[in-house]
Amino acid sequence: MSRTQQDRSGASFVTRALMAAAVAALAFTGSAAAQGQVALGGANPLPGVIAGQVVAESTGEGLPGAQVLVRETGVRVVADEAGRFRVDGVRAGRYTLDVSLLGRTHGSERVDVQEGRTLNVSIELGMAPVTLEALTARLERTEMVGGQLTRIPGSAHVLTADRLAAQKLAFDDVHMILRQVPGVNVSDEEGFGRRPNIGMRGTGVGRNAKITVMEDGVLIAPAPYTAPAAYLFPVAGRMESIEVRKGSSQVRYGPWSTGGALNLVTSSIPARTEGLLDMSGGEHTTGKLRARVGSTHGQFGWLAETYQLRTDGFKQLDTGDETGFDLQDYMLKLRLSSAPASRFFQDVELKLSRTAEASRETYLGLADTDFAAAPLRRYAGTAMDRLDTEATQYQLRHFIRPAAGFDVTTTIYQHEFARTWYKLDRMNTGSLAAILTQPEHATSLDVLRGANSADNALLVRNNNRDYMSRGIQSVVGLQFSAMGEHALEIGARYHYDSEDRFQHDDAYRMRDGRMELTTAGAPGSQDNRMGEARALALFAQDRITVGDWTLTPGVRYENIDFTTTRWALGDVSRADVTAEGTNSVSVWVPGVGLSRVIGRHGQLYAGVHRGFGPPGAGADNDARPESSVNYELGGRFEMLGTSLQASAFYNDYTNILGRATLASGSDGSNELYNGGAATVRGLEVSADYDVARDRGWGVRVPVRAAYTYTDATFQSAFQSSFGEWGTVEVGDELPYLPRHQGSASVGVEAPRWRLDLSAVNAGAARTVAGSGALQPGLSTDAYTVFSLSGEVGVTSWTRLYAGVQNLTDATYVAARRPFGARPGLPRTVTLGLRALVQ
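Read in the numbering used here, the sequence shown has 482 at position 474, and its numbers run on one by one without any break.
No lab work stands behind these hints, which were simulated from the structure alone.
These figures come from a predicted structure and were not determined experimentally.
One thing to keep in mind: the hints can contain errors.
Below are the DMTMM-like pairs computed for lysine to aspartate or glutamate, each with C-alpha atoms no more than 25 Å apart in a straight line [claimed, not checked]: (1) K431 <-> D514; (2) K431 <-> D513; (3) K431 <-> E398; (4) K431 <-> D286; (5) K431 <-> D454; (6) K431 <-> D320; (7) K431 <-> E679; (8) K431 <-> D334; (9) K431 <-> D396; (10) K431 <-> D474; (11) K431 <-> D550; (12) K431 <-> E524; (13) K431 <-> D579; (14) K431 <-> E330; (15) K431 <-> E497; (16) K431 <-> D508; (17) K431 <-> D463; (18) K431 <-> D675; (19) K431 <-> E493; (20) K431 <-> D393; (21) K431 <-> D535; (22) K431 <-> D326.
From just these sequences and the hints, can you work out the full model?
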């Protein structure tokens with residue numbers, strides 16, 4: 009038996025053993041629960057259900073995120089987006105419900121549960137000494153959706169902590185998480201989700217470059233204007249919630265508005281002392297640790313959190329070396345608030361974070377013949393590939409509410425990011441793409457596999473880059489009545505960012521399956537330049553409510569000045585400027601949304617807005633801004649445990665842009681290319697339903713599904729140097745956009761245990777623009793991946809959990825960029841322990 013076969017056989021044994029242990033634990037828990045029910049006496053009495061809603065005392069509006077604790081059992085649940093909650097499997101008897109929510113008075117209610125009956129309660133929470141309006145306004149300025157879902161005249165989704173829990177398996181893969189959201193397009197690269205490729209509504213998925221990505225309402229890309237495709241993404245595993253917003257109401261966010269905006273919400277400072285410890289381990293020598301502790305004492309609150317993740321990787325390098333990564337992430341929050349007796353409420357919050365990662369990842373995939381034989385293989389020619397990154401984040405936010413209906417939120421931020429990606433770039437006989445696909449390069453392919461070569465046969469690039477992003481932004485909120493109820497927001501942001509490239513190439517030869525350095529390149533001899541952007545962004549958006557109707561007009565203004573400076577190659581002192589380029593753009597981005605409440609449970613909405621994307625420095629080409637007019641029509645419905653949202657969209661581009669990054673298989677120049685006219689149309693549907701609601705089953709059975717249909721075609725014919733486009737004819741389909749994609753999950757949830765089975769599906773997609781039947785070697789594979797997760801309560805504050813990603817061990821080509829076929833994550837099993845102390 010070969011080493012590879014032995015490894016896979018051993019992994020299969022571990023997989024089966026861990027799966028058996030997880031199933032046995034869940035089965036034991038279920039048996040114990042059943043025995044506990046029988047022990048109540050009589051003829052197997054049916055448990056009862058406590059269901060209800062937490063609402064605002066003054067308005068009756070549902071309060072999302074409220075925590076409901078059944079004091080006698082220790083069971084705690086969190087209210088959903090409409091303030092609803094449900095506790096199943098409750099024995100007959102009298103209980104006390106303790107209800108808490110930041111900014112609200114504490115609620116307590118005694119309830120009597122009857123055998124086999126559902127008790128419906130409504131719990132009202134009033135304003136705490138820190139006024140509700142102030143805290144609500146503070147959240148609205150830093151979150152995109154929060155508890156305002158029913159007020160948004162467009163497609164919006166929020167994945168709360170409960171929704172994220174079932175998806176946070178071995179690697180907390182943001183791709184797996186976002187596949188729950190319709191209209192979001194993702195493309196895997198290395199299988200772990202550490203290099204996300206995210207787009208929305210056909211924008212393209214390369215490095216999230218064409219959507220607005222934020223953390224706590226602040227732009228988080230290393231250089232959002234200069235180089236939005238750079239390699240940094242927040243650690244999804246430590247997020248409290250993830251928000252997605254599309255349609256006309258996204259003009260508040262920018263600079264990109266053609267597709268949508270993504271906001272990752274970090275852990276909030278708790279209202280009382282709270283600690284979390286989450287540890288897990290599994291296949292591929294994977295280990296994860298998440299620890300968080302925080303508290304609020306009077307006017308001072310604090311939170312400290314760390315997230316650590318490491319793995320040896322699932323790919324099998326010909327040299328036998330590891331292929332995984334090590335990640336360390338730290339965050340600290342400090343907050344000081346005004347005294348309850350103050351004339352007006354204000355607070356100051358400081359957030360500090362640091363993330364470091366060492367990753368043994370590569371851009372090189374496999375030739376199709378090698379993928380068919382060993383999809384998890386990595387060539388010996390990638391043995392030197394390594395990515396080291398370090399990011400620091402400083403944010404200082406001040407909130408003040410000097411009068412009723414008037415608040416100001418100001419944030420000062422600075423983000424620094426340094427990275428060196430030392431990776432195989434090409435061979436002296438040609439490009440890696442040609443070597444993997446063209447028979448005449450068979451000798452060079454053998455060198456990649458480990459055959460001996462001449463000196464300087466393999467060229468490895470040190471992509472040494474530094475990024476800086478800093479700025480100040482302020483948002484003013486005004487609420488007033490004048491021919492309707494107005495919620496007006498006016499904002500301004502001044503932003504600076506830069507990308508500093510100081511790169512060189514080293515040359516290697518292959519000897520006996522190992523790479524040996526033959527020629528060292530001089531620092532800065534491959535690329536020696538800096539790109540900078542200075543941007544002033546202004547916006548105004550008003551939400552006007554008259555009866556059941558809400559009109560939301562808004563406009564955004566962007567004024568951007570780009571500068572590119574090039575120095576002589578190898579000029580370490582940077583005294584010899586060889587070229588300078590500038591580009592300026594000013595644009596107005598208007599939008600308007602209209603919605604109407606239908607009865608008590610429905611909402612219809614429609615909107616139109618201008619899409620915009622910055623053109624970059626444009627020193628080397630004639631790139632124009634990305635521009636479109638986007639239309640949307642949809643609705644949402646919520647009642648009795650059922651939630652449904654559907655949107656139809658049509659994006660009409662006058663100019664669509666492509667970015668020449670190495671990740672896209674291009675030359676890595678970061679230049680933008682005009683793609684001319686294009687249209688993207690589609691349909692998004694998502695639905696949640698509790699099958700067991702009001703059926704007396706003693707458990708919840710949530711069923712969730714999401715589906716996206718996308719039809720994206722060019723309406724211009726052209727010849728492009730951008731690798732994913734090439735020669736384009738009218739009607740050619742855009743690459744990396746499957747026509748159909750979806751996700752579904754079904755769970756069984758009891759107070760002490762939970763089991764979830766989920767699936768994601770995506771159709772095959774082109775890797776190069778074209779039409780007609782998909783061609784072998786120029787498309788990804790269609791795939792369906794199942795995942796299973798479950799947890800069981802050991803005590804009232806600790807839970808054991810297990811997860812299996814890619815349950816059936818499906819093998820498929822997830823991507824072909826930059827170079828060659830790349831696999832998705834194989835079956836991976838994880839076991840863990842989570843403890844939450846309050």
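Consistency of the hints with the structure:
Using a Cα cut-off of 25 Å, the hinted pair K431 and D514 holds, with the two alpha carbons roughly 10 Å apart. For the proposed pair K431 and D513, the alpha carbon gap of about 9 Å is at most 25 Å, so the pair holds. Proximity of K431 to E398 is assessed by CA-CA distance (about 18 Å); at most 25 Å being required, the pair is judged to hold. Between K431 and D286 the alpha-carbon distance is near 34 Å, which puts this suggested pair outside the 25 Å criterion.
Taken as a hint, the K431 and D454 pair is honoured in the structure, with Cα atoms around 18 Å apart against an allowance of 25 Å. A distance of roughly 18 Å separates the Cα atoms of K431 and D320; the hinted pair therefore holds under the 25 Å criterion. For a cut-off of 25 Å, the pair hint linking K431 to E679 stands: about 21 Å separates their Cα positions. Using a Cα cut-off of 25 Å, the hinted pair K431 and D334 holds, with the two alpha carbons roughly 18 Å apart.
In summary, the hint linking K431 to D396 is supported, as the alpha carbons are separated by about 11 Å, within the 25 Å threshold. In summary, the hint linking K431 to D474 is supported, as the alpha carbons are separated by about 17 Å, within the 25 Å threshold. Taking the CA atoms of K431 and D550, the gap is about 49 Å. The hint is violated against a cut of 25 Å. With a C-alpha separation of about 14 Å, the suggested pairing of K431 with E524 holds against the 25 Å cut-off.
Simply put, K431 and D579 have alpha-carbon atoms about 23 Å apart, close enough for the 25 Å limit, and the pair holds. Under the criterion of a C-alpha separation no larger than 25 Å, the hint pairing K431 with E330 is consistent with the structure, at around 15 Å. Taking the CA atoms of K431 and E497, the gap is near 46 Å; set against the 25 Å cutoff, the hint is violated. Restraint check: the Cα-Cα separation between K431 and D508 comes to about 18 Å, which is no more than 25 Å; the hinted pair holds.
In summary, the hint linking K431 to D463 is supported, as the alpha carbons are separated by about 18 Å, within the 25 Å threshold. A distance of roughly 14 Å separates the Cα atoms of K431 and D675; the hinted pair therefore holds under the 25 Å criterion. Restraint check for K431 and E493: the C-alpha separation of about 57 Å exceeds 25 Å, so the hint is violated. For the hint pairing K431 with D393, the CA-to-CA distance comes to about 4 Å; that is within 25 Å, so the pair holds.
A threshold of 25 Å between alpha carbons decides the hint, and for K431 with D535 the separation of about 15 Å falls inside it, so the pair holds. Between the alpha carbons of K431 and D326 the distance comes to roughly 16 Å, so the proposed pair stays at or under 25 Å and holds.
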